[in-house]
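Participant: Below, each chain spelled out in residue letters.
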Amino acid sequence: MTTTAPKSGPNIGAIVIIAMAVAINLVIAKLMATWSYSWFPPQASTAAPFVDDLFALETGIGSFIFFGCTGVMGWVLLFNRADKYDESDGAPIEGNTKLEIIWTIIPLVTVFVIATYTMNVNMKLQNLGPKHKYVIGTDPTALVESDPIADVGPIDVIARQWSWEFIYPNGVRSSELHLPVDQRVNFRLTSEDVLHSFFVPAFRLKQDIIPGSVISYSLTPTKEGRFRLRDAMFSGAYFSQNQTDVIVESDQAYSDWLKTTAKRPLQPGLDPGRALYDRRIASGDKGWATVPPAPAPMVNDPGDPSIPHDA
Amino acid sequence: MTTTNYDPRVLKAPHPVPGAPDNWKRFFSFNTDAKVIGIQYIATSLFFLLVGGLLAMIVRGELITPPADLVDPSVYNGLYTMHGTVMLFLFLFPILNGFNNLLIPTMIGAPDMAFPKLNAAAFWLVPVFATVLMGSFFAPGGPASSGWWSYPPMSLQNPLGHFINGEFLWILAVALSGISSIMGAVNFVTTIIRMRAPGMGFFKMPVFVWTAWAAQTIQLVGLPALTGGAVMLLFDLSFGTSFFRPEGGGDPVLFQHFFWFYSHPAVYVLVLPVFGIFSELFPVYARKPLFGYRFVAIASFGITFLSLIVWAHHMFYTGTPNWMRHIFMFTTMLIAVPTGVKVFAWLGTLWRGNLRLNTPMLFCLGGLFNFIFAGITGVMLATVPIDIHVGNTAFVVAHFHYVIFNTIGFGVFAGIYHWFPKFTGRMYYEGLGKVHFALTFIGATLNWLPIHWAGLLGMPRRVASYDPEFAIWNVLGSIGAFMLGVASIPFILNMVSSWARGPKAPPNPWRAIGLEWLLPSPPPAENFEDDIPTVISEPYGYGLGHPLVDDEKFYIRRSQEA
Ligand code: HEM
Ligand SMILES: [Cu+2]
Ligand SMILES: [Cu+2]
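So the protein lines, in turn, are chains U and W.
Counted from 1, the first sequence has number 102 at position 102 by the working numbering; the numbering is strictly sequential.
Counted from 1, the second sequence has number 457 at position 457 by the working numbering; the numbering is strictly sequential.
Bound conformation, chain U alone (with noise of 0.2 angstroms):
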């Protein structure tokens, strides 16, 4: 492939026209970079900076790139458009096998690192730990040998067709997971019917929980305060309710809270789909079919939904 473009010496003004082209596109691409930090909610893990570093250099790049093909099609349209009645062709150019191989290599190298970045990040992450399968029926948690490293737990983490319950080291129960601040705790994740996913938005982490397998997974809290945990992995027809929230709080209020609420009775937990479901069968059952919500866990504390939360 040749190109059949005249040969000519360095051209200066297309050289600084690129140029500035180019500086542009970097500022841009650092401004974009920098405001994608608050398109997140607030970064309450350890694992939530590493996310969002990795994503503020990858809107970077990407910012660029994009800019840089796109700005390439703006020029093109606002100077190479054909009048009415021109029926010249453009310069026909086939091919330049070195810029071929240049923009190859150029999105190899670019691949190369983003990756070996990634997989440096990844393994900082360390929150999955082992993943067992065990029989229905017997009980999973035997299975699973908890995190070494993590001050807290293991706490049972129990989804259900449509809530949440958390079983803690000295057996309270409860709907919403309270967890103290900055230290590593360790979760063992397990499903009574369908796939669910264990996903709260603030500490950028999310693993689903597959019935017939106990995972261990830990993770360390780093902002106090009131956090979603969502289900993630669709499960059904009230699963958009089945939500609840993390309460992240010092060291202090969260063993007082293990301890006070160790002496409340059990009582129906969150169970966030019922109303739901209650308010179709008054109706006659319309709609089409669904599985009947689990019965609400019998827990110690079964939080209250109506506090707002943060993230």
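In short, the hints are calculated from the structure, not lab data.
Computed from a predicted model, the values in this text were never measured in an experiment.
Some clues are possibly wrong.
The calculated lysine-lysine pairs, modelled on DSSO-like cross-linking and capped at a C-alpha distance of 30 angstroms, are [to be verified]:
| # | chain 1 | residue 1 | chain 2 | residue 2 |
| --- | --- | --- | --- | --- |
| 1 | W | K504 | U | K84 |
| 2 | W | K117 | U | K84 |
| 3 | W | K504 | W | K553 |
Only part of the chain W face toward chain U is listed, based on derived beta-carbon distances under 8 angstroms [said to hold, decoys possible]:
| # | residue |
| --- | --- |
| 4 | A197 |
| 5 | V463 |
| 6 | Y466 |
| 7 | P547 |
Here a beta-carbon is modelled for each residue, glycine too, at the ideal position from N, C-alpha and C.
Use these hints to put chain W with the ligands onto chain U, whose structure you have.
Facilitator: Okay, now just chain W with the ligands, sitting in the frame of chain U:
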């Protein structure tokens, strides 16, 4: 070479396939002419685009306010599951097969597909499985409602206990669709390999043919995995086996491997032909050769190969160990390389071109613009920690609609406008086309751009209700969606009125280079019949001044006289 022994009446009198009607009724018959089948596919799919769009409007109507107040949550789940299924299996796959039917034989100078009867049978399976799928709306308990990916164990929950149920019909429809696609794939690949015009070596084939070939190869490799998974799912659902049921010792995650082994590459089955359409159209409307033609052609198979080893990027948070996540991240990101090659080649083609901004070109430019964006969010999704945060949120939904509608949909519209005169023999109305483009571009951007932010903030996908902090993004998205609904009006008007009463199209209204443009509009039944031209140049010779085929003037004259 000179050709003297031609009879112009051959082209004037398209001989209908024996026994087939040659008026409008042929579109409702078991016709074996690839061009008739192509139009059958396209018309059927456009109908289902409207059906799927209508379902999407209800879904977006539900999401315009935070609470689940428009429809019952179980209805919502059924509606969006059917929306996804209809859009993929009844709109996109069939419409691209329509393009394959119209374009592969005409572009390579073949009289028809290699197996015309198989071809017609593949098409007629579409209305059959469409009926099965639509019939599920009337099944006890309603249609399938576990999402288009139908993950067990939820898809195996059968609250009413009926043997015939929505999920059952859904699996049946998907299996039939797979059979139809395999029949198509065998036909397209055979045709491309065996039936090219004399002189048309692989590196003289148009890029659309390359991409169709690469895409259909994926069908042949990947579909058996999906079909296997679907059969096992059906056994679990209806006959009490437990391949995927944890209570019987099965593993629900195994299904995800079967499913994504095909369903990730499936995206490339859809997007590759659209890359083909971009590669055909940019040269015509920029009046330049396709920059780096061979690189672009080969990159198609690079994408095919890589797409088969990336599936686990859908399973980064299912308990996949780190080493495996890293491998799949890597292969996924590598796809950016052949894809990037194509994008740069298109930009190189536009550069210093002489652009004509008619409707097909506008859709191509809009589609490329959106695709660059989608490619960037795609690389983000490939990096494990980012995917762990945004996976299964609205961000993913926004990303894949940027691919599936804002790129593939745009490419499909570009293709329809571009080849409309060739295959209907009529010109479309440019004004209506431009209105359609403007509404579509603004609507699509408004529909899906804001949804990215809802996802970054943590809004899960597939929810019928959501926390109020996501409201603003969803209101914008819904307005965009309704605008897309409005955009379909000028499109339908244009297609119907142009085909009925549009001005007669010349054989080559765009002054394009390609075998199909050497045929009359519309082409006769067997395309070139006995006078198949000998190809002597690479495609896209804009401005190079050399003919595409031997004795080109003869073919041009004949197409005009026909
Ligand atoms: C016309 C504009 C469209 C709108 C407003 C729209 C809207 C939606 C919405 C709101 C969802 C649910 C997202 C979720 O929560 O997961 C969805 C899902 C989906 N859409 Fe669209 N969509 C449109 C066009 C398309 C097109 C053209 C296609 C494909 C050709 C498509 C394919 C899908 C698929 C595959 C799903 C996933 C369904 C599932 O998760 O089971 N959509 N769409
Ligand atoms: Cu769930
Ligand atoms: Cu994928």
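Participant: Hint by hint, say whether it matches the structure.
Facilitator: Evaluated hints:
1. W/K504 <-> U/K84: holds (21 angstroms)
2. W/K117 <-> U/K84: violated (46 angstroms)
3. W/K504 <-> W/K553: holds (22 angstroms)
4. A197: For W/A197, the interface hint is violated, since the closest Cβ of chain U sits about 22 angstroms away, which is over 8 angstroms.
5. V463: holds (4 angstroms)
6. Y466: holds (7 angstroms)
7. P547: Violated. Min distance 15 angstroms.
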